[in-house]
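Sequence order for the protein chains is Y and W.
For the first sequence, counting from 1, position 68 maps to 68 in UniProt numbering; every step adds exactly one.
For the second sequence, counting from 1, position 81 maps to 81 in UniProt numbering; every step adds exactly one.
Because the hints were derived from the structure by calculation, they are not lab data.
Certain hints may be false.
For identical chains, the list gives no copy identity; a pair is met inside one copy or between any two copies.
What the hints assert, rightly or not - Under the rule of at most 25 angstroms between Cα atoms (straight-line distance), these lysine to any residue pairs were calculated in the SDA-like manner:
(1) 35 with 117
(2) 35 with 79
(3) 35 with 126
(4) 35 with 66
(5) 35 with 124
Given the structure is predicted, the values throughout are model-derived calculations rather than measurements.
There are 2 protein chains.
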Amino acid sequence: MSSNRDIDTLIDLMARLPGLGPRSARRAVLHLIRKRGLLLSPLADSIARVAATARECVNCGNVGTADVCDICTDETRANGEICVVEDVADLWAMERAGVFKGRYHVLGGTLSAMDAIGPEELRIPRLLDRIGEETVGEVILALNATIDGMTTAHYIADQLGDGIRLTSLAQGVPIGGELDYLDDGTISAALKARRVL
Amino acid sequence: MSSNRDIDTLIDLMARLPGLGPRSARRAVLHLIRKRGLLLSPLADSIARVAATARECVNCGNVGTADVCDICTDETRANGEICVVEDVADLWAMERAGVFKGRYHVLGGTLSAMDAIGPEELRIPRLLDRIGEETVGEVILALNATIDGMTTAHYIADQLGDGIRLTSLAQGVPIGGELDYLDDGTISAALKARRVL
Ligand SMILES: [Zn+2]
Ligand SMILES: [Zn+2]
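Could you put together the complete structure from these sequences and hints?
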């Protein structure tokens with residue numbers, strides 16, 4: 001396409017990123033080549049560093065550069081609260097809001113009969129183990145307000161039983177809305193107005 | 001943001017690509033980390049290779065991995081025709097159409113009083129030199145159908161004088177349209193129906 005194999009390979013790889021199609025991948029690669037010193041070399045270094053070190057936390061599913069992530073090893077965040085999110089992007093959205101001081105549990109999706117995603121695929125067994133290991137008093141469900149998100153919330157409620165306080169983000173999360181699209185203020189309000197399930 | 005400096009650096013760099021904002025950069029980086037083996041490492045290698053080798057052709061402005069690009073060194077393309085485009089993305093669009101067998105000249109933009117872009121910034125002097133050096137019989141203007149594109153076409157027509165056949169893509173390029181958005185068939189039709197200026 002560019003009559004150069006190295007450049008074509010880079011375009012093909014970039015086009016596989018979410019949000020970039022072939023055309024925007026070509027534009028991005030041309031931009032990178034034009035800004036070679038400012039952007040291309042730093043990006044090469046940065047990607048190589050992340051490729052060498054990034055991994056999922058074995059405890060919570062967050063991404064970081066150690067087997068156990070910074071939040072799970074931070075003793076000041078062992079306040080007895082675990083916030084359950086679908087995706088690492090949702091964890092980041094919660095952190096940007098800056099109001100939650102506990103730890104997280106990243107499911108990696110929601111239960112889905114359609115896509116044959118069951119509890120084992122979602123780190124739900126690991127969540128149940130953590131309740132005891134980390135003396136958790138409250139589990140806050142911060143799942144997307146979708147059908148699959150609500151199904152997952154009900155399933156987790158059944159598994160936890162009555163011994164534990166289970167809450168969910170409430171006020172402010174629009175029906176059908178996805179957490180990562182919300183502004184920080186809306187997330188703050190939803191956390192403060194959380195209700196017992 | 002991700003509570004990890006390496007990952008945050010990568011998100012910041014990705015967010016500076018055209019077409020990606022902060023949110024899509026975060027999504028892209030999470031996707032890269034999840035597909036570490038399949039995507040992140042190959043991308044790191046590919047970017048490093050392009051960063052080390054990519055450069056602009058000193059003759060025509062195309063990008064490649066040598067001082068003079070593959071098209072400029074291909075003797076079968078020395079057919080006396082030079083196609084003038086604004087951008088490398090437009091050159092790629094012409095190549096995808098597969099109907100033009102000559103060489104290119106990439107201006108790197110259009111004349112613009114507003115942005116103070118004059119002929120020197122656009123490789124127009126180099127174009128005039130090439131006419132003699134490469135015994136060019138026809139210059140085909142494949143500029144975007146915008147005001148600045150047409151101003152640039154008129155300026156080039158004045159510079160070339162009467163000794164050379166000067167044509168432009170005609171039928172099929174919509175008013176205000178940009179070449180890189182067109183399908184291959186439209187580009188083919190526009191090239192075949194080109195008219196003498
Ligand atoms: Zn963790
Ligand atoms: Zn060239």
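Okay, which hints does this one fail, numbers in order? 2
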